[in-house]
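With the hints as extra help, turn the sequences into a complete structure.
2 protein chains.
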Amino acid sequence: MSVFTAYSQEEVIDELKHRAPHAEIHLDDEIAAKHAANGKAESTIDGRILAYVAVGDKDDIRGVLKTAIKFHLPIVPQTADTSTVIGADGLNGGIILSLARMNKIVEVNEDDLLAVVEPGVINQDLDQAARQHGLFYAPDPASKPISSIGGNVSTNAGGLSGVKYGATKDSVLGLKVMLANGKEIKVGGRTTKQAFGYNLTQLFVGSEGTLGIITEITLRLFPIPIGKKIYGVAFFDNMAKLAEGVHALRISGLYPSMLEGLDGKTVQALDQYKQTHYAKSASSSMLIFMFDDAGETQLQISQKILQEQGAWKIQITDDPAQGEKLIQLRRDMLPAVFANGKYYIMEDMAVPSSKLAEMADYIVQVGDELQVNIYTAGHAGDGNLHPTLLWNDQPQAPANVIEATRRLFHKALDLGGTISGEHAVGMSKNQWNNEELGEDVDVLQHQIKTLFDPMNILNPKRKIN
Amino acid sequence: MSVFTAYSQEEVIDELKHRAPHAEIHLDDEIAAKHAANGKAESTIDGRILAYVAVGDKDDIRGVLKTAIKFHLPIVPQTADTSTVIGADGLNGGIILSLARMNKIVEVNEDDLLAVVEPGVINQDLDQAARQHGLFYAPDPASKPISSIGGNVSTNAGGLSGVKYGATKDSVLGLKVMLANGKEIKVGGRTTKQAFGYNLTQLFVGSEGTLGIITEITLRLFPIPIGKKIYGVAFFDNMAKLAEGVHALRISGLYPSMLEGLDGKTVQALDQYKQTHYAKSASSSMLIFMFDDAGETQLQISQKILQEQGAWKIQITDDPAQGEKLIQLRRDMLPAVFANGKYYIMEDMAVPSSKLAEMADYIVQVGDELQVNIYTAGHAGDGNLHPTLLWNDQPQAPANVIEATRRLFHKALDLGGTISGEHAVGMSKNQWNNEELGEDVDVLQHQIKTLFDPMNILNPKRKIN
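Top line first, the protein sequences correspond to chains H and Y. Using the UniProt record's numbering, you'd call the opening residue of the first sequence number 1 and step up by one each time. Using the UniProt record's numbering, you'd call the opening residue of the second sequence number 1 and step up by one each time.
FYI, nobody ran anything at the bench for these hints, they're computed from the structure. Each hint should be verified, as a subset may be incorrect.
Quick list of in silico lysine-lysine cross-link-like pairs, DSS-like style, CA-CA up to 25 Å [unchecked claim]:
#, chain 1, residue 1, chain 2, residue 2
1, Y, K164, H, K229
2, Y, K449, H, K449
3, Y, K449, H, K186
4, H, K183, Y, K228
5, Y, K58, H, K164
6, H, K229, Y, K304
7, H, K304, Y, K229
8, Y, K70, Y, K58
9, Y, K164, H, K164
10, Y, K228, H, K186
The structure displayed is predicted, hence computed values, not measured ones.
This is the structure in structure tokens:
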């Protein structure tokens, strides 16, 4: 809060207590202490928050919005606080509006193949609830056990199943959203087909809390396929060959539900972490794949394709226990990589499939040139790569890491891709709007933002700003 | 044109010729004559157009937009002119901006599983081009052989494959759009994952030419599945039983690619048209289904499910020739129905799957009460019904038909559905915005429209107005 404020923190807190009677309200010191316990430095990235308000219901949300408008305060919507792009950290003098307590699964409807949830519901909890009805919730970010549906929707989160089931946006049928003025609107609905109004549902999906507060989400659920699950790994001499294998599987008509690629350094890190000997050379690349609706045919054809594409070691199984062991390699990838540095940035970019190998090679080249330790893995079937850049000396990213990131972003854009495949923009990439989108779209975005949030109270300084 | 115009038609035409040098420009008389030859009454629904401009390139489009802004003229974008909701007919004193000549398939990219097309490309032509690469274009409206991708995108057209592959929106990766001010923007891209800016791509999809002129479309293509195609028909005692059968197939985990339902009257009309004897009673309902990636298992399980659900006649085959005969029943449905009246309206509404039977029963009830001849068929797997209301005496819909339509719309909305599943809004349903969307969303839509098209030159009087 500035020096010459027209109000005191106490006044704002009193107003919040009055207008949001069911909310739990905390001050910065408490939140900072909680964050410190979780290994986070501070409650904000730029100072002290004015208040952390964990709302209990929609009236509370409206109360927070009204208070923010009265005192001209920034609101940062937050659910599980797992953003990887500084999307939900508090802002100095602002209010964190936590929706974590609004975590009810309102409905799992087997007849309509859908669920209705509050934003604080954890992804995995919804999926488990759906499976009790013979259904499942398709989007599965790596953060599945800890991230919320509200956050997944706000960032258009992706995940391992994207190659078959798409990203979060592809599972959202409808939303309830409270606008900055406190009015709640309903967009979309309970039908998969909809050709009436403008598609405001998809305008809110991925808008990172900058256009309204999502209060309820209607999500498509899929029936569990009748086929068997088939799991596999295959090793290639390099990422270019792996990319060819991925393409051959995708175009085969087999419809894999997972195609994860790990570069040579990542395989070496895995070897070290698990005491295995997968990496034949420094460029040995590993493909981990799955079919969730397969039979003997898929097993045989995929084996044949991978052999033809030059994979030098292939393991495929329809035994769930063995399969789980192969999938575990994917899960062990993150700790195996993180063991190689004290600090890291995990990046996120997607390129057209045909450019996957070129992007992966370029990442290696940049790492060599700038002497940055980079490990790359990602959702190869979507052309979506996550290079992890590691360093040791200081918490702040050193100059060569920042420069490497900039080069990787430029390359992804040059290849016709995006610098955010599934992690959104937050405060990490908002300076790239002009380059990713161009000036005219950049301006349009600001006009849309102003239309929905004329006082710029909703997650300001993020995404488009 | 009004009496006290500030300009003459000649001035406007001169300006158009100057600013859109590659366009073919026609006056109302020529277009009216052409329309008359196609059985249409007039070139507009409310008078005479000022000009029909078939543009040859983007410069022409920009020229038409500049002209429209200068003279304050409405523009109606048009491609194949197959709208079923008066979405693309000319307006009095306005310009029809035909994109039909811009019908180039710019690219079919097997590596990236996508195509880039101009808006005038016919759906079926794209699909055929994709199949030469082992891919296919999934959305298949019944108008597939005659409707354009530009129109499909502008209306978010659905079709028979929606139950598995979604509507047009689910295949659109990116767009180029010329805004009202003549600037061309690019939204979305060539990747399936995208989490950067606001999703403007989906704001333009289904916007019916009211927000900008779509100049290029990047579309996802799917690999042709390795499995066999299985085709089938099954007959039920009534629509409620058919709906249960549809639900049982959907939730089974079998993933059918087509689930079409025909009500009793439609089956009787088919019997009459084809000299068959399918209709056991006036409520006999017919399900036509397909799997596009199946094996023996799917064939057996679906047979078992349909028997359990009380289907009294089931034919299933994996023989393509026999299968085509069954699918032909779906194609013959329209002429069979249209043979029962001189004039008709084919409606389009979607309800949550669990409400399909209730909606179908209500349609029959309204037909009885108001003495309207109604035949209902539709994409049962999507809860998407097309009741066709027929009459004889006069071209204008009589009072009981209008009243029946109103009741059906109210019912669809009461059941949590939409009054436009896949045909969009046009001038047929634009008076229903408040009821379908509510006042706040209605106002928001107008604000968005004003943002993109402040002079309201793009397809005015439609969709939201």
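Given the hinted pair K70(Y) and K58(Y), is their alpha-carbon gap at most 25 Å? Measuring from Cα to Cα gives roughly 18 Å; hence the hint holds.
K304(H) and K229(Y) were given as a pair; does the straight-line alpha-carbon distance stay at or below 25 Å? holds, 23 Å
Measure nothing beyond the straight line between the CA atoms of K183(H) and K228(Y); if it is 25 Å or shorter, mark the hint as holding. violated, 51 Å
Take the C-alpha atoms of K449(Y) and K186(H), compute the straight-line distance between them, and say whether it is at most 25 Å. holds, 19 Å
Would you mind confirming whether the straight-line C-alpha gap from K164(Y) to K164(H) stays at or under 25 Å? holds, 12 Å
Hey, K228(Y) versus K186(H), does the alpha-carbon distance stay inside 25 Å? violated, 41 Å
Given the hint that K229(H) pairs with K304(Y), does the C-alpha gap stay at or below 25 Å? holds, 23 Å
Under the criterion that the straight-line Cα-Cα distance not exceed 25 Å, is the pair K58(Y), K164(H) satisfied? violated, 36 Å
Please work out if K449(Y) and K449(H) have their alpha carbons no farther apart than 25 Å. holds, 14 Å
Please work out if K164(Y) and K229(H) have their alpha carbons no farther apart than 25 Å. Status holds; Cα separation ~20 Å.
Hint violations for this structure: numbers 4, 5, 10, all remaining hints satisfied.
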